[in-house]
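Asks: In order, the protein sequences belong to chains A and B. Position 108 of the first sequence, counted from 1, bears residue number 108 in my numbering, the numbering being contiguous throughout. Converting from the second sequence to my numbering requires adding 1000 to each position, the first position being numbered 1.
Everything labelled a hint here was simulated from the structure, so no lab data went into it. Any given hint might turn out to be false.
With a cut-off of at most 27 Å between alpha-carbon atoms, the simulated BS3-like pairs for lysine-lysine come out as follows [unchecked claim]:
(1) K1272/B to K180/A
(2) K167/A to K1545/B
(3) K1359/B to K180/A
(4) K1356/B to K1286/B
(5) K1545/B to K171/A
(6) K1286/B to K1339/B
(7) K167/A to K1359/B
(8) K1545/B to K180/A
(9) K1280/B to K180/A
(10) K1345/B to K1359/B
(11) K187/A to K1211/B
(12) K187/A to K1541/B
(13) K48/A to K80/A
(14) K1545/B to K1359/B
(15) K1350/B to K1596/B
(16) K1350/B to K1270/B
(17) K1368/B to K1572/B
(18) K1368/B to K1345/B
(19) K1596/B to K180/A
(20) K187/A to K1270/B
(21) K1562/B to K1541/B
(22) K48/A to K82/A
(23) K82/A to K37/A
(24) K180/A to K1007/B
(25) K187/A to K167/A
(26) K187/A to K1272/B
(27) K180/A to K1270/B
(28) K1356/B to K180/A
(29) K180/A to K1562/B
(30) K1211/B to K171/A
DEER-style ranges, computed between Cβ atoms [claimed, not checked]:
(31) S1175/B to D38/A: 36 to 42 Å
(32) P182/A to K1539/B: 50 to 56 Å
(33) E1273/B to P124/A: 39 to 45 Å
(34) D183/A to R1505/B: 31 to 37 Å
Backbone N, C-alpha and C define an ideal beta-carbon position, used for all residues, glycine too.
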Amino acid sequence: MSNDLVLENEILNLIKSAFNAEGNVIKSRRVEVFVKKDQVSSVLLFAKEQRGYIHLSHSTCIDWIEEGEFELIYSILSPKDKIMLYVKTRIDRDNPVMENLDGIWHQLNTYEREMREMYGIEFPGLIGDKEFCLEDWDEIPPMRRDFDTVEFARKTFYQRPGREDAKDVRKTLTEQSGEKIPDFATKYSRE
Amino acid sequence: MSFFDLKGLLQPLTGIRQFGKKPHTIKLPDLLLNTADRYRGLHHNDLEACIGCGNCSTICQNEAIDMINLENIEHKDGDSGLRPRVDNGRCCWCALCVDVCPTGSLNLTKDYIFTSEDANDFLWIPGVDNPEGNNNLSFTSDTNTSLSMYQRVPMRELDGKERVKSFAEVVLGYSEEEARREAQRCISCGLCTNVCPDHMHIPEYINAIAKGNDADALKIIYDNNPFPEMCGKVCTRRCEEVCAIEVRGEAVAIRWLKRYATETAPTAEKIKEIVNPVIKESNGFKVGIIGAGPAGLTASYYLALRGFDVTIYEAQAHAGGMTMYGIPKYRFPLDSIDKQVDYMKSIGVKIKYNTKVGKDISFEDLYKNNDAIFAGIGFQNAWTLGIENEDIPGSIPAVDYLNIINRGDSYDVGKKVVVIGGGNVAIDGARVSKRYGADVTILYRRRVEDMPADWEEIEGAEDEDIHIATQTIPTRIIKGDDGKVKAIEYLKANMVADDKGGRPRPVAIEGSETILECDTVIGAIGQEADYSWLPESFKDKIEVKRGMMIVVNEFNQTGDHKVFAGGDAVNKTADAISAIADGYAAVIGIENYLVKK
């Protein structure tokens, strides 16, 4: 295996110049590119049809809640060059719509249905049942970071009797030491 | 096809030849396939290693983990005494609890089969209900990949070669970004608060810093510590020794975070603006405070807030007590003391400097003119070394030496200095001498790991090229022809295990006398209080027990109910944070005694 990352830099520079994109060689056999939302299909088609990235490995989403964005990642592989290319794009979190790309790889249909259910991202024209894994879900999509898992568990699953002797650690410690936490400070105590 | 199909009849019989062969299938239950390496089965908890921090319970998204009391497990320093119990009916084996367990005591095993007709049996106490699980661990946590952060944000310091040139502060303090990052490492368990003598609200103020609310952090700190910048710079920080993260990593830098919070208020006015204290109307009671050290200042501050008329009588020209005159300025600068004392004055604390009780004003007068007295007199007098020629010129106790330097006078230590002792005072004496260009050696009876000094101080001394000669017992000071110190003689020692289970003690090696030439010998083996201010007539009520400690009750009240005491002369730990705790306890005591009686 060569260590000078020739093939990695070649695909990176091709995409960077052709699509005016940003990107990095992460390490050997791993390249990432950041492209605009409406360029994703062109980049994927270019990589698949012309550069041998014929295999879709995976597609997933990251919730950048602080930045008000979702990041979509398409991981595609060239069996010839043995390089994994991550095509990444950001979409607006308040209006999460992404082009349906299952025409390029039909496997994307499954990933897109999953992302629709778990993150609430719409893919116009996507064929497939709205319900993917979840049944009768009427909460916000559960993989969004503002979904309160604890609150959901609290109201969905009943508390078994026999757990009433549970202690709060911080409170137990103050009882042991005699420490008095002032009222204005308790909002910073552990829940 | 004929009616009688012979082939079809006989062919199945060929299967008989398989008879007697070993089957390819496995036999249950003897031969279960191994689970994956990181399989997430039922929990196991090492009850000895667990410290009851409750981080597992906090992170559980299914509320499946309770912290409960168990028989035979008592709380102690650094252990809440609680242990986790898992409701396996709610658990989804995500293993977040294992990932964030700071001690690594909680793990998941390979076991995944558990059956019971009673649903309540699914409520498990890991480690109690499956003690054998320890041999079957599968999913364990790794401090390198855990969500908990085990590496401390490093503190920036002046370089060793640079700092010995002056008394500039060595520690540079956290930037805002560094403080936020460090504060986020805290898991808010609160184990630290129990060992803090003052029970400061540590998780709360660290959390406030983590959330970017420095003003709230400062307010929380001032709830029971009016001298926090001092603590932020030089506290003995027993809190960090019991930090849950310390078990497998580096303790949260509690002291540096407190320092950061106090530095967000650069002036006394700014402190007042942020803390915005409620000062009660005068209640007409007068309290006299002896000594403007941490204990006296703390009592004064909270008494003044509660409407008492408070006056401190301080023998020296400056407030701060030992933190002013004992701690070198490169650790705790003068303007930092002034800022905090100015703030206390701004809320009504009065200080009379250069007024020594027993000399400039009599204790009887003080007693007569006040409704209560608080004595925070500190440990002023050094213990003597008890060796020959200790009193000749060139031999000086560290507290006296530090006092001279800190009040701005000079003392010529010459070219070679020997410091005797292993505590913070010894290190201070050594590092100050180094700043005057001397070649410094510390003689200490035991090993480096036995030194009571703060490890950062020891490292600081080593960085500054101070030689620490361990297992050495000084035997005499040798006088030169000029009548001054010429050298010191010491014996080397072996460490011998203590039969009674105590720490190993040094035993001198016969014939190992070594002579080390030096110009100055600085003794730093301990201090005690000076009770010359206390008139004989009070001594039957105010008891001073062996070891020169004043006897007090839980509110720091002495046998004379009008007189309270705190600080080094009262508590065994003899550090500033204990003095602050004493001052605070006395405030409650004085209030109970005068207002609520």
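Asks: Between K187/A and K167/A, is the straight-line Cα distance small enough, at 27 Å or below?
Replies: holds (18 Å)
Asks: Honestly, do E1273/B and P124/A meet the 39 to 45 Å range at C-beta?
Replies: Since the Cβ atoms of E1273/B and P124/A sit about 56 Å apart, the hinted range of 39 to 45 Å is violated.
Asks: Compare the distance between the alpha carbons of K1359/B and K180/A with 27 Å, and conclude whether the hinted pair is satisfied.
Replies: This hinted pair is violated, its Cα atoms lying about 40 Å apart.
Asks: Is the Cα-Cα distance between K1368/B and K1345/B 27 Å or less?
Replies: holds (24 Å)
Asks: Does the alpha-carbon distance linking K180/A and K1007/B stay inside the 27 Å limit?
Replies: violated (93 Å)
Asks: Hinted pair, alpha-carbon criterion (27 Å max): K1345/B, K1359/B. Please report holds or violated.
Replies: Given pair K1345/B, K1359/B holds - Cα atoms ~25 Å apart, limit 27 Å.
Asks: For the pair supplied as a hint, K187/A and K1541/B, confirm whether the alpha-carbon distance does not exceed 27 Å.
Replies: violated (46 Å)
Asks: Mind checking the alpha carbons of K187/A and K1272/B for me, to see if they're no more than 27 Å apart?
Replies: Roughly 22 Å separates the two Cα atoms, so the pair holds.
Asks: Hinted pair, alpha-carbon criterion (27 Å max): K167/A, K1359/B. Please report holds or violated.
Replies: Not OK: K167/A and K1359/B at ~55 Å, beyond 27 Å, violated.
Asks: For a C-alpha distance cap of 27 Å, please report whether K1545/B and K1359/B respect it.
Replies: Measuring from Cα to Cα gives roughly 24 Å; hence the hint holds.
Asks: Assess, step by step, whether the Cα of K82/A is no farther than 27 Å from the Cα of K37/A, and give holds or violated.
Replies: holds (26 Å)
Asks: Need the status of pair K1280/B, K180/A: alpha-carbon distance at most 27 Å?
Replies: Roughly 20 Å separates the two Cα atoms, so the pair holds.
Consistency with the previously given hints fails for numbers 2, 3, 5, 7, 8, 12, 17, 24, 28, 32, 33, 34, ordered from lowest to highest.
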